[in-house]
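Chemist: Sequences and hints are given; from them, build the entire structure.
The opening position of the sequence shown corresponds to residue 1 in the numbering used here, with each subsequent residue numbered one higher.
Simulated from the structure, these hints should not be mistaken for laboratory data.
What you are looking at is a predicted structure, and each value in this text was computed from that prediction instead of being measured.
Misleading hints may appear alongside valid ones.
Okay, derived cross-link-like pairs now, EDC-like style, lysine to aspartate or glutamate, Cα gap no bigger than 20 Å in a straight line [said to hold, decoys possible]:
| hint | residue 1 | residue 2 |
| --- | --- | --- |
| 1 | Lys4 | Asp30 |
| 2 | Lys48 | Glu58 |
| 3 | Lys98 | Asp30 |
| 4 | Lys39 | Asp5 |
| 5 | Lys98 | Asp108 |
| 6 | Lys44 | Asp71 |
| 7 | Lys40 | Glu12 |
| 8 | Lys40 | Glu52 |
| 9 | Lys94 | Asp30 |
| 10 | Lys40 | Asp71 |
| 11 | Lys20 | Glu109 |
| 12 | Lys20 | Asp30 |
| 13 | Lys98 | Asp80 |
| 14 | Lys20 | Glu60 |
| 15 | Lys44 | Glu60 |
| 16 | Lys20 | Glu3 |
| 17 | Lys74 | Glu45 |
| 18 | Lys48 | Glu60 |
| 19 | Lys39 | Glu12 |
| 20 | Lys20 | Asp108 |
| 21 | Lys44 | Glu58 |
| 22 | Lys44 | Glu12 |
| 23 | Lys39 | Asp71 |
| 24 | Lys94 | Asp108 |
| 25 | Lys40 | Asp5 |
| 26 | Lys39 | Asp80 |
| 27 | Lys94 | Glu60 |
| 28 | Lys40 | Asp30 |
| 29 | Lys94 | Asp71 |
| 30 | Lys74 | Asp30 |
| 31 | Lys94 | Glu76 |
| 32 | Lys20 | Glu58 |
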Amino acid sequence: MVEKDYFLPALETARQYGLKSELGIALSFDIQVQNGGIKKNTRKEIMKSTTEVPLGSEQELRIIIAHVVADSAKPEFQHDVRLRKLTLATGCGKVHGKLYVLRNWGLDESLYLSFL
Numbered sequence: 001m002v003e004k005d006y007f008l009p010a011l012e013t014a015r016q017y018g019l020k021s022e023l024g025i026a027l028s029f030d031i032q033v034q035n036g037g038i039k040k041n042t043r044k045e046i047m048k049s050t051t052e053v054p055l056g057s058e059q060e061l062r063i064i065i066a067h068v069v070a071d072s073a074k075p076e077f078q079h080d081v082r083l084r085k086l087t088l089a090t091g092c093g094k095v096h097g098k099l100y101v102l103r104n105w106g107l108d109e110s111l112y113l114s115f116l
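Modeler: And the structure:
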């Protein structure tokens, strides 16, 4: 169930955006679980945002995705969604008052091996 309902759709999202790192897969998975995936209007906004600014790294793309997904959440949840998504996008951050350094949890900029 988890693989079919969350992980495989998250991998497809990562492929669509060219996210190949562990952090990119983790962000995609979190979006799938917490937000039910990236909705059509949100996809359009991500595409618009990524064409307006030249991207130099996957992290920059992850940050854009994190912001656009947070902006698409209900207003009362946007701040919480933004903190959570940016933590996954950048590899560290404070969520619910606790600091997370994701490389300490085994997630970093390394390529996700099943993409190779």
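Chemist: Next pair to validate is Lys74 with Glu45; report whether the Cα-Cα distance is within 20 Å.
Modeler: 16 Å, holds
Chemist: With the threshold set at 20 Å, check whether the alpha-carbon distance from Lys39 to Asp80 stays at or below it.
Modeler: 19 Å, holds
Chemist: Can you confirm whether the C-alpha distance between Lys74 and Asp30 stays at or below 20 Å?
Modeler: Since the Cα atoms of Lys74 and Asp30 sit roughly 17 Å apart, the hinted pair holds (cutoff 20 Å).
Chemist: Taken at face value, is the distance from the CA of Glu60 to the CA of Lys48 at most 20 Å?
Modeler: Satisfied, since the Cα-Cα distance of roughly 14 Å is no more than 20 Å.
Chemist: CA of Lys94 to CA of Asp30, is that 20 Å or under?
Modeler: 16 Å, holds
Chemist: Run the distance test for Lys40 versus Glu12: straight-line Cα separation, threshold 20 Å.
Modeler: 14 Å, holds
Chemist: Can you confirm whether the C-alpha distance between Lys20 and Asp108 stays at or below 20 Å?
Modeler: 11 Å, holds
Chemist: Within a Cα-Cα threshold of 20 Å, do Lys94 and Asp108 meet the stated pairing?
Modeler: 16 Å, holds
Chemist: Is it true that the CA of Lys48 sits at most 20 Å from the CA of Glu58?
Modeler: OK: Lys48 and Glu58 at ~16 Å, within 20 Å.
Chemist: Has the given pair, Lys40 with Asp71, been kept, meaning a C-alpha gap of at most 20 Å?
Modeler: Holds, at roughly 14 Å.
Chemist: Tell me if the straight-line CA distance from Lys44 to Asp71 falls inside 20 Å.
Modeler: 13 Å, holds
Chemist: For the pair supplied as a hint, Lys39 and Glu12, confirm whether the alpha-carbon distance does not exceed 20 Å.
Modeler: Measuring from Cα to Cα gives roughly 14 Å; hence the hint holds.
Of the numbered hints given earlier, the model fails none.
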